[in-house]
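Chemist: Given chain R's structure and the hints, the job is docking chain E onto it.
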Amino acid sequence: MIEAEAVVAAGTLKTTCSRDDLLRGLGIVSRGVSTRTTVQILAGILLDATGGKLSLAATDMELSLRTTVEAKIESEGSVVVPGRLLLDIARLLPETEVSLEHRLEEAVVEVRCGSASYRLHTYNPEDFPRLPDTQGVELHEVDRGTLLETVARVSRSASRDESRPVLTGVLVHFEPGKLVMAATDSYRLSVKETSLEGSVPELEAIVPARALGELARIAGEGEKIVLGVHENQVVFGTGDAWLTTRRIDGQFPNYKQLVPDAFEHEVPLPREELLDVVRRVSVMAQRNSPLRLRFADGELVVSAQTQDVGEARESLPASFGAEALEIGFNAEFLRDGVDSVGGETVRLKLISPLRPAVLQGEGDDFLYLIMPIRLAG
Amino acid sequence: MDKATILHADVDAFFAAVEQRDDPRLRGRPVLVGAWVVLAASYEAKARGVDTPMGVARALRLCPNAVVVEPRMSAYSEASKAVYEVFDDTAPLVEGLSIDEAFLDVRGVRRLSGTPVEVAAQLRRDVRDRVGLPITVGIARTKFLAKVASGVAKPDGLLAVSPERELAFLHPLPVERLWGVGRVTAAKLHGRGIRTVGEVARLAEPELVSLLGRASGRQLHALAHNRDPRTVRPNRRRGSIGAQRALGRRPKTLADIDAALVGLVDRVARRMRAAGRVGRTVVLRLRFDDFSRVTRSHTLPYPTSSTQAILTAARALLATAAPLIELRGSTLVGVAVGNLGDGRAVQLALPFDPHSSDALDAAVDEVRQRFGAPAITRAVLLDRGPGLAMPVLPDA
Numbered sequence: 005m006i007e008a009e010a011v012v013a014a015g016t017l018k019t020t021c022s023r024d025d026l027l028r029g030l031g032i033v034s035r036g037v038s039t040r041t042t043v044q045i046l047a048g049i050l051l052d053a054t055g056g057k058l059s060l061a062a063t064d065m066e067l068s069l070r071t072t073v074e075a076k077i078e079s080e081g082s083v084v085v086p087g088r089l090l091l092d093i094a095r096l097l098p099e100t101e102v103s104l105e106h107r108l109e110e111a112v113v114e115v116r117c118g119s120a121s122y123r124l125h126t127y128n129p130e131d132f133p134r135l136p137d138t139q140g141v142e143l144h145e146v147d148r149g150t151l152l153e154t155v156a157r158v159s160r161s162a163s164r165d166e167s168r169p170v171l172t173g174v175l176v177h178f179e180p181g182k183l184v185m186a187a188t189d190s191y192r193l194s195v196k197e198t199s200l201e202g203s204v205p206e207l208e209a210i211v212p213a214r215a216l217g218e219l220a221r222i223a224g225e226g227e228k229i230v231l232g233v234h235e236n237q238v239v240f241g242t243g244d245a246w247l248t249t250r251r252i253d254g255q256f257p258n259y260k261q262l263v264p265d266a267f268e269h270e271v272p273l274p275r276e277e278l279l280d281v282v283r284r285v286s287v288m289a290q291r292n293s294p295l296r297l298r299f300a301d302g303e304l305v306v307s308a309q310t311q312d313v314g315e316a317r318e319s320l321p322a323s324f325g326a327e328a329l330e331i332g333f334n335a336e337f338l339r340d341g342v343d344s345v346g347g348e349t350v351r352l353k354l355i356s357p358l359r360p361a362v363l364q365g366e367g368d369d370f371l372y373l374i375m376p377i378r379l380a381g
Numbered sequence: 004m005d006k007a008t009i010l011h012a013d014v015d016a017f018f019a020a021v022e023q024r025d026d027p028r029l030r031g032r033p034v035l036v037g038a039w040v041v042l043a044a045s046y047e048a049k050a051r052g053v054d055t056p057m058g059v060a061r062a063l064r065l066c067p068n069a070v071v072v073e074p075r076m077s078a079y080s081e082a083s084k085a086v087y088e089v090f091d092d093t094a095p096l097v098e099g100l101s102i103d104e105a106f107l108d109v110r111g112v113r114r115l116s117g118t119p120v121e122v123a124a125q126l127r128r129d130v131r132d133r134v135g136l137p138i139t140v141g142i143a144r145t146k147f148l149a150k151v152a153s154g155v156a157k158p159d160g161l162l163a164v165s166p167e168r169e170l171a172f173l174h175p176l177p178v179e180r181l182w183g184v185g186r187v188t189a190a191k192l193h194g195r196g197i198r199t200v201g202e203v204a205r206l207a208e209p210e211l212v213s214l215l216g217r218a219s220g221r222q223l224h225a226l227a228h229n230r231d232p233r234t235v236r237p238n239r240r241r242g243s244i245g246a247q248r249a250l251g252r253r254p255k256t257l258a259d260i261d262a263a264l265v266g267l268v269d270r271v272a273r274r275m276r277a278a279g280r281v282g283r284t285v286v287l288r289l290r291f292d293d294f295s296r297v298t299r300s301h302t303l304p305y306p307t308s309s310t311q312a313i314l315t316a317a318r319a320l321l322a323t324a325a326p327l328i329e330l331r332g333s334t335l336v337g338v339a340v341g342n343l344g345d346g347r348a349v350q351l352a353l354p355f356d357p358h359s360s361d362a363l364d365a366a367v368d369e370v371r372q373r374f375g376a377p378a379i380t381r382a383v384l385l386d387r388g389p390g391l392a393m394p395v396l397p398d399a
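Listed in order, the protein sequences are those of chains R and E.
Counting in this note's numbering, the first sequence runs from 5 upward without gaps.
Counting in this note's numbering, the second sequence runs from 4 upward without gaps.
Chain E extracted, bound-state conformation:
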């Protein structure tokens, strides 16, 4: 690992860029994507101080001439697939991070495609030509530094950090560039007069741990010295499929959480069926008002991808966690199904609830496939909105 061969490729202002691509009138103008909350803002809007997530009303005060566009998740999903096709054509090892960013390791393609910088430049041209979107690429020896480099190079840029000038590049940067440093951590560091990565690097690990806690203290210490041994791992077949949803700070009743859970299970089960996977272990994740988290899991006797079976197990888990929720309030609920297996041979279950059988799952999936996810929903979710449903990578 002595050469800079890791690329971090990240589409610029992805949702907004797709909107600007598809509607010429939006080009060059500040664009806000979102109904109530800004999910994405074009660089023109970001320049005026719009950040995500932020209420649309507030964003409009900052940037009164912005155009607000309703999100079109299916368009973003399609654009994402096209971008990933370019990634797959570019490098043998692609590790997807989200719908619009990935790590690529281009070691071994030098003879075929040239140096990492040449490969990255070609990748940017390909995404521009084939998908019509601007993408920024950072190149470095480690994943962490590649991501920092793309962050610095944004928008529509390319930046390679050669191994010999890693620390010279890293240390003058503001601490906010470090992975895992959000507003809270940054404020703590600023409070100690620490503003650059180089100043973090001068602190001993125990000092950082006492300031930020064990996990993030250690992580920051390693990152500030550019120690990141992680390699690019092509996303193997997933071990679990899950979704989560923030509930906001307003106090939530169990019925609210249950409704969120119903929506999440719906989504997770549909993704499982689309990927042809079945799973046995249902995991409920909760985050409380005090930011502590718990997970509860239950393993079913047989693997399933049935919405009803997963929901029954998830609700039983929610019931066991109810006293904790009463006590500590909940700000996030998530559900995941693990212990995944091949869904081709599936044990069918008796349709106890005639409204939630395998046949219904199949019918609902088909409607959504043809008319989009909002075309059909559960009554319990009717007045609650879909939540901020991010499109996800296709499940392998």
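Chain R extracted, bound-state conformation:
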């Protein structure tokens, strides 16, 4: 772990701030509040009033979120309050000015706003985990839009199955002139290469997909995002918030060797139209039933059938002149792929019904590989 950052202030906290500022800050850090109830302190948000500002922090030991709020500090100090509760209260407060006062002897924080007042029981700030340090980490600047777009297109291929931790992460890899991100749940694989201007850090880490999702949520403004890797932590900084996340240990699959070099067929299709067809037919692909794509005679027929439920089919013209080919896909995976490719045309590259298929847009900077479903019969 990284050294503790700030020494927790020793006095009793007393501060006043605007309701909207407080709400914005709580909105940022509350996603770091642990939902697991086993360690009570992790359900708390650390309020720390020092040096003329109010800092908020939360961590579930994997992901930490921190931000500061403009505030008038009347007495420096720090305290931990139930995070969810404080957020719920802040959302409902009647007036614009809020005061927070820690009453040490009663072990409560008093929240006052207009004629409303609340007393929240507190946790001991000594029990709050030391947050990973952001000082002393070598930070690099990346264009915010570029980074977030790459995250958005890649991270949905990450696995939600905790039994293979490496696959729950996104491989973030900087190399000269570009940023590469890859994610796979072993059924599909997304890889995006993005050119970067200026100096590019040389670093590589497997970052939990969930943390990147939170980054996209909190990085609302600003041109740049700073990032750095320090031991087992990855640090992201946006204009006014810091996100640190545990990096995932292990070897990311060597995905390059899994992407076929050559394909038998390459079928260009209008992306929006295909997406609509896939969405409509998917309604009848329930309980893991496959979506069937049949290519023949200048036509693609998409169909789905669920036993005891029903079936659907729809066709669209396709430039396909070879011998008929039928391949099955998981409906959600195909939808994700067509969606994330972007652009007007999607190129569907196929080898055979049991080999991986690849979806690409007009350029080659993004690739979505999808494993088929072996069809019955």
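If you are wondering where the hints come from, they were derived from the structure by calculation, not from laboratory data.
Hints should not be assumed to be uniformly reliable.
[Claimed, not checked] A few chain E residues facing chain R, derived, Cβ under 10 angstroms:
(1) A312
(2) R318
(3) A324
(4) P354
(5) F355
(6) V370
Note that this is a predicted model, so its numbers are computed, not measured.
A virtual CB, placed ideally from N, CA and C, is assigned to each residue, including glycine.
Modeler: Relative to chain R, chain E alone:
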């Protein structure tokens, strides 16, 4: 349920009987099947006190002129299939218990085939003629009593217990005949001077519970009064496919357990593929030195029958149970895959580990199909032997 229509059919000394059938020189002689441990003994050997499982060396001291035969699991599998064909031809309801025994309910076949006793006699002739094996049949109103009856009638016998003489039949029997009474329970009962089923029946249920614990106390009380409401249930499509392996009392390292797990997953995944099934929930079962048990399960996002996918999940479960194993030692490991579905439409996975892909599974299955299970194995299992791999019923 007022007529005795349940048959319990059990091949006598199954493995040994198959050996004696296939090799005339073994007939009439004591036969021990097994390499180091006696898996089965012919009645000639059992008469000399050989029991299963027992070390071969010890069995040979008891019965020096016995012939020791290496097990031929494929022959037993085939014999089992043939016996089950006879069962299926005999009764509409067949509930397989193991490779060589089953319950049959012959209610409703009276007009076609005769009384239960006539049906049972024909069944015995059919198994003898069509498969060449001796089989014993017990007939009663309940499953439990039918099984007791076949146990009493063994070997090569037929015994029907009519409803009016159930308790008269049951109560003089030694307690060991009751389902679930092994050496430990029998010793506890003997310690109280209880030797017959009738003496168990005279005890009140709370007494038995305090003596044997809640589950077995209650069970024994019910059985001693011949209360067994279970009906013969044709084995519906299985809800899970699993295998387990005893590890012995010697302390086991995690690597030992892992190796056993690898072998079990291999077997389970192969059976799933053979049955055309895929499953989502991987269950790890462990028994500890103190005989307590735990199960850990993990549900995968998509159904699979891939050896590698199941092994990855099983190993993750083993890792979470590692502290418990360190603390309490492990004597049994098992793995099962549940949440089974039809394996015809299977989501293929990327071959991250090029040595463990779907294609490899298919190739290994084919080799084993043609040359037998030991023809190909994992390196980690090379010096560990196959364990006592019992043939299993074909999975539906």
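Chemist: Now tell me if each hint is right for this structure.
Modeler: Against the structure, the hints come out as follows:
{"no.": "1", "hint": "A312", "verdict": "8 angstroms, holds"}
{"no.": "2", "hint": "R318", "verdict": "9 angstroms, holds"}
{"no.": "3", "hint": "A324", "verdict": "13 angstroms, violated"}
{"no.": "4", "hint": "P354", "verdict": "7 angstroms, holds"}
{"no.": "5", "hint": "F355", "verdict": "4 angstroms, holds"}
{"no.": "6", "hint": "V370", "verdict": "20 angstroms, violated"}
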